[in-house]
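There are 2 protein chains.
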Amino acid sequence: MSTTRLIALDWGTTSLRAYRLGDDGVVLDKRGLPWGIMNLPTIDTTVGDGNNNSSRDAGFVRAFDEACGDWLRDAPGTPVIAAGMVGSAQGWREAAYVDMPLAVADVGKQLTRVEIAAGLVLHIVPGLLQRTGLPNVLRGEETQVVGVLESLEGDAEVLIGLPGTHSKWVRVQARRMTHFDTFMTGEVYAVLSQHTILGRTMERGDEPDNAAFERGLRVAQTEEGRAGVLSNIFSSRTLSLVGELSPRSQPDYLSGLLIGHEIAALKSTREAAGCAPSPHIILIGDDKLCARYQAALNLYGLNLNGIDIAAQATETGLWKIALQAGLLS
Amino acid sequence: MSTTRLIALDWGTTSLRAYRLGDDGVVLDKRGLPWGIMNLPTIDTTVGDGNNNSSRDAGFVRAFDEACGDWLRDAPGTPVIAAGMVGSAQGWREAAYVDMPLAVADVGKQLTRVEIAAGLVLHIVPGLLQRTGLPNVLRGEETQVVGVLESLEGDAEVLIGLPGTHSKWVRVQARRMTHFDTFMTGEVYAVLSQHTILGRTMERGDEPDNAAFERGLRVAQTEEGRAGVLSNIFSSRTLSLVGELSPRSQPDYLSGLLIGHEIAALKSTREAAGCAPSPHIILIGDDKLCARYQAALNLYGLNLNGIDIAAQATETGLWKIALQAGLLS
Chain A
1 MSTTRLIALD WGTTSLRAYR LGDDGVVLDK RGLPWGIMNL PTIDTTVGDG NNNSSRDAGF
61 VRAFDEACGD WLRDAPGTPV IAAGMVGSAQ GWREAAYVDM PLAVADVGKQ LTRVEIAAGL
121 VLHIVPGLLQ RTGLPNVLRG EETQVVGVLE SLEGDAEVLI GLPGTHSKWV RVQARRMTHF
181 DTFMTGEVYA VLSQHTILGR TMERGDEPDN AAFERGLRVA QTEEGRAGVL SNIFSSRTLS
241 LVGELSPRSQ PDYLSGLLIG HEIAALKSTR EAAGCAPSPH IILIGDDKLC ARYQAALNLY
301 GLNLNGIDIA AQATETGLWK IALQAGLLS
Chain B
1 MSTTRLIALD WGTTSLRAYR LGDDGVVLDK RGLPWGIMNL PTIDTTVGDG NNNSSRDAGF
61 VRAFDEACGD WLRDAPGTPV IAAGMVGSAQ GWREAAYVDM PLAVADVGKQ LTRVEIAAGL
121 VLHIVPGLLQ RTGLPNVLRG EETQVVGVLE SLEGDAEVLI GLPGTHSKWV RVQARRMTHF
181 DTFMTGEVYA VLSQHTILGR TMERGDEPDN AAFERGLRVA QTEEGRAGVL SNIFSSRTLS
241 LVGELSPRSQ PDYLSGLLIG HEIAALKSTR EAAGCAPSPH IILIGDDKLC ARYQAALNLY
301 GLNLNGIDIA AQATETGLWK IALQAGLLS
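For the protein sequence lines, the chains are A and B, in the order given.
Counting in my numbering, the first sequence runs from 1 upward without gaps.
Counting in my numbering, the second sequence runs from 1 upward without gaps.
Hint data in this document are derived by calculation from the structure and do not stem from the laboratory.
Any given hint could be a false lead.
The list makes no distinction among identical chains, and a pair is therefore deemed to hold if it is satisfied within one copy or across any two copies.
[To be verified] Straight-line alpha carbon distances no greater than 20 Å define the calculated DMTMM-like cross-link-like pairs of lysine to aspartate or glutamate that follow:
1) 109 / 94
2) 30 / 286
3) 288 / 209
4) 267 / 224
5) 267 / 223
6) 288 / 214
This is chain A alone, in the form it adopts within the complex (with noise of 0.2 Å):
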């Protein structure tokens, strides 16, 4: 068994992923586990003093212990840093949001301690605030960003693009991160489908159906896109009632519509604030769902400068912020 540097998890709403990483953060070991933050193992607390936080506590705790005890019963004294929600309000312990803009490098400077047991310690990844205009926030994406951007050269600018249920598009200027946009793509489209009437038309195909997710992207940029994603979306129901969109083509079209609505308020954000207009693009994300913003970055013409999609971004970011912390000394 090579040496254990450091234990990083990466701690969300749903899961749990715990890395062992060893010389220069290579992967040596890893797991999943259920234990999101709204979903931690319960602990009988009967025979306790009954206090809310005591026991969600010893569910951090219990989730804690099974994603990596094992490996610091073995290699004791090894430090453990964490990202995501594990650190929102919701949490183990608020690890507060830092504000933009900020250095890449700047990342680790302000991780959040908590005490698990004497000597030993979870550093938590603090998130990011957005003040300017509407307020924004991100919290585990900043962490991917480092991982993809140290091991980048030179100061070009670069737009780090996660999508997922939020989709997050990260300016990054002169190694600065600058911006960043939220876009809730994912979420309404779970919703859409879930529970409004277009949903009631639509039938799961095995196959994704990729020129109905194609003519879904094109919307945005036609003249009907003008009316904007509240009415554009009522045509995945009407296309079906005139014959031209069959029920197994309509989840795709839908998903490929919000995309296109997306990429083109992307598109049009960047033109008003001045920037290039097809930057240096990295995905990071589900393959499946890269491939379809790729797809859409395309159409859109933002790909002109390349597009490339990233791995282990978080398991390396994780290693890059305990650096910059000064955790590997």
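Position chain B against the provided structure of chain A, taking the given hints into account.
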């Protein structure tokens, strides 16, 4: 008891309203029943042939009888007309959509007849289908448009707004319905509030928070508005995180944000189509909701030629359509 001239039914998805109309369409009597087409009375068919269509037909017959059977027994031979989802594919009998554009005076020329019993015919008003661009449909609103238009003089453009679960905006030029838009604003508001992370921090107050509503309204016209609905809605949460929006203000803020985007998009589509910047507007719907839309129209400068709020549009429309159809000769 005055002479019954027409029995008029406003038969939607969740409710059925019945009107007994006398000379000149004056309302002599009215009643509301819960028998929308998705909520018909249950009929015991265990002694019948078990045919589902028969059972469903029996539900329609029972609902119809409760709505106006006594009126018809008192005034046999009175014509009966209905509008709304009762004419949809899921209704009693499908009243096929009529293609746009359509003269307001011609709505009554294509009624669908349902023979309920010997000598008893239900006449169902057709919905409208717009095939240009993304297809669009409405059903029920055509009757309200006739209701308000027939009492107006002149050929000037009128924009008729019907806010609700799905807002409809119908453009009437030279007494012809030439275009309409649909916005799923009401339904999107409901699912965002009930089924997404935005709802988790919301609290319902006893009184509407007009300041929060107006703050939301303005978002679409700010620089941040360029990021669009999918992005802007997240601010309902983030403004709360930074202490700028209380849990009780969030529902009205989100309502304003969505309605503001709807009106901004409506304005944009009108500009692109070369329409008058500020047409005469008539709003039809719930008073409180109409007041919200009036505020939005004022803010976005669409109010310069007046905004009227219409009442009794459906019953008036059904009377006028029956006249068009020659049912009241």
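Right, here's what the structure says about each hint:
1. 109 / 94: Within one copy only: 16 Å inside a chain, 67 Å across chains, cut-off 20 Å.
2. 30 / 286: Answer is within; shortest intra-copy Cα gap is 18 Å, inter-copy 57 Å.
3. 288 / 209: within (13 Å within a copy, 42 Å between copies)
4. 267 / 224: Answer is both; intra-copy 18 Å and inter-copy 13 Å each pass.
5. 267 / 223: both (17 Å within a copy, 13 Å between copies)
6. 288 / 214: within (14 Å within a copy, 40 Å between copies)
The earlier numbered hints are all upheld by this structure, with none contradicted.
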